[in-house]
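Visitor: So the chains spell out like this:
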Amino acid sequence: MRRHTRRIFNVCYRFTGNRTEAEDLTQDVFLRVYRTLASYRSAHGGFATWMTSVTRNLLIDHYRRTKRDRVTDSLDDAMPVVENKESVARRPDEQALVGELSGQVQSALTRLSPELREAVILRDLQQLEYIEIQRVLAVPEGTVKSRINRGRIELARILHQMGVRPS
Amino acid sequence: MTWICEETEARLSDYLDGLLEPAEQAAFDHHVNGCARCAPLVASVSHVLGSLRRLEPVEPSPQLVNSILTATQGPQTWRNAKRWLRGLQSPRFVYSAASVAATIALLLTATGFNWRRPKLADLAPATIYRNADSWVHVVYARSTKFVSDLRVVYEIQSRINETDQNPALREDTIPQSSPKKEPGHTENSNPSSPKQQNRADEFGRNLRVLACEFPTLSGALVDRRVP
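For the protein sequence lines, the chains are A and B, in the order given. Residues 1 to 167 in our numbering are what the first sequence lists, from first letter to last. Residues 1 to 227 in our numbering are what the second sequence lists, from first letter to last.
Hints in this document: simulated from the structure, not taken from any laboratory. The structure presented is a predicted model; accordingly, all values stated were derived computationally and were not measured. Beta carbons are placed, not taken as given, at the ideal position from N, Cα and C, and that holds for glycine. Please note: incorrect hints may appear among the correct ones.
Stated by the list, open to error - A short, non-exhaustive set of chain B residues, derived as facing chain A with CB atoms under 10 Å:
#, residue
1, R11
2, S13
3, L16
4, E56
5, I68
6, I104
The whole structure should be built from the sequences, with the hints applied where relevant.
Guide: Spelled out as structure tokens, the structure:
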């Protein structure tokens with residue numbers, strides 16, 4: 001339960017960039033899973049894949065619901081979201097750099113379109129295989145690869161515009 | 001194999017994920033090393049990929065799990081009650097409960113509890129004690145009698161065996177009315193029947209003595225008399 005909670009929360013947080021929204025969405029995911037557990041079939045993939053699929057559907061619904069309430073994104077208004085977990089092995093200056101970069105990456109993620117964002121999150125953050133992402137998104141494998149590729153390139157472009165350069 | 005920039009951009013993820021064939025990999029590297037547009041693209045996307053994979057997972061608040069459980073399964077007290085009730089369904093508990101119930105039923109039956117017409121008074125401790133006490137006495141008396149009967153049977157059997165083994169004892173028991181056998185003299189009579197008859201007579205005498213003292217045994221032992 002805790003393992004799934006952590007994983008689903010991270011997917012929701014990386015997608016929304018907002019901790020409160022991520023917790024609410026995580027709770028909604030578990031409620032939906034609890035109510036529709038009878039509809040789960042192992043032929044559709046593993047249980048974790050099915051949960052991720054439910055999460056993705058709720059995230060898209062949430063995105064569409066809040067689209068009209070969202071202000072137009074602007075790079076000048078970008079506020080990097082700094083992560084709470086800090087590594088004690090790093091020096092303070094390194095830690096600050098890592099935290100800042102993580103915040104910038106998170107901010108850039110939320111600027112991607114939903115289709116590219118979910119593909120990059122599932123592949124590069126959740127380390128799912130292409131076949132699992134194909135089941136979650138219900139699109140062909142070619143589309144999955146194309147979205148991941150375009151998402152990475154677009155993310156690099158956004159970070160470049162934010163002034164983040166490869167060292 | 002020659003690569004163009006559009007192909008480099010299209011296959012960039014395959015290159016970064018190590019999915020290119022060796023020949024494709026070589027052509028890709030050859031193009032990127034000499035292309036002013038593709039080289040920075042590959043470098044920046046590689047950097048982004050590294051940053052993404054170094055992102056550490058975010059921990060949810062500790063209350064999240066509890067709020068999920070409350071939303072799905074109800075408040076904490078009700079969850080504890082359901083967990084306790086589920087424990088009652090475990091096989092170990094069911095077997096233990098069945099054993100205890102069987103033991104109580106056995107004890108009640110042994111103490112004379114009437115299952116067809118149960119009365120509350122039968123469950124009173126004094127009644128249970130009285131029934132158990134009388135039952136113990138009956139069992140003790142029956143077992144003592146059984147051991148005693150066995151001893152009698154054993155004594156009879158051992159006497160019969162002594163008579164068979166010791167001919168002198170047998171001759172002492174032969175009654176005077178039977179004719180004495182001269183050596184070498186054969187009589188026109190069945191030599192075995194008087195012997196058997198004498199043994200049967202003695203056995204019958206012993207049985208009659210026993211019958212007087214042990215009436216219940218007499219029925220079984222008399223049946224064994226040789227006709």
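Visitor: A separate judgement is required for each hint: does it hold in the structure or not?
Guide: Hint-by-hint comparison with the structure:
1. R11: holds (8 Å)
2. S13: holds (4 Å)
3. L16: Holds - the Cβ of B/L16 comes within 10 Å of chain A, reaching about 8 Å at its closest.
4. E56: Hint on B/E56: holds, closest Cβ of chain A at ~5 Å, below 10 Å.
5. I68: For B/I68, the interface hint holds, since the closest Cβ of chain A sits about 5 Å away, which is under 10 Å.
6. I104: Violated - the Cβ of B/I104 stays beyond 10 Å from chain A, reaching only about 41 Å at its closest.
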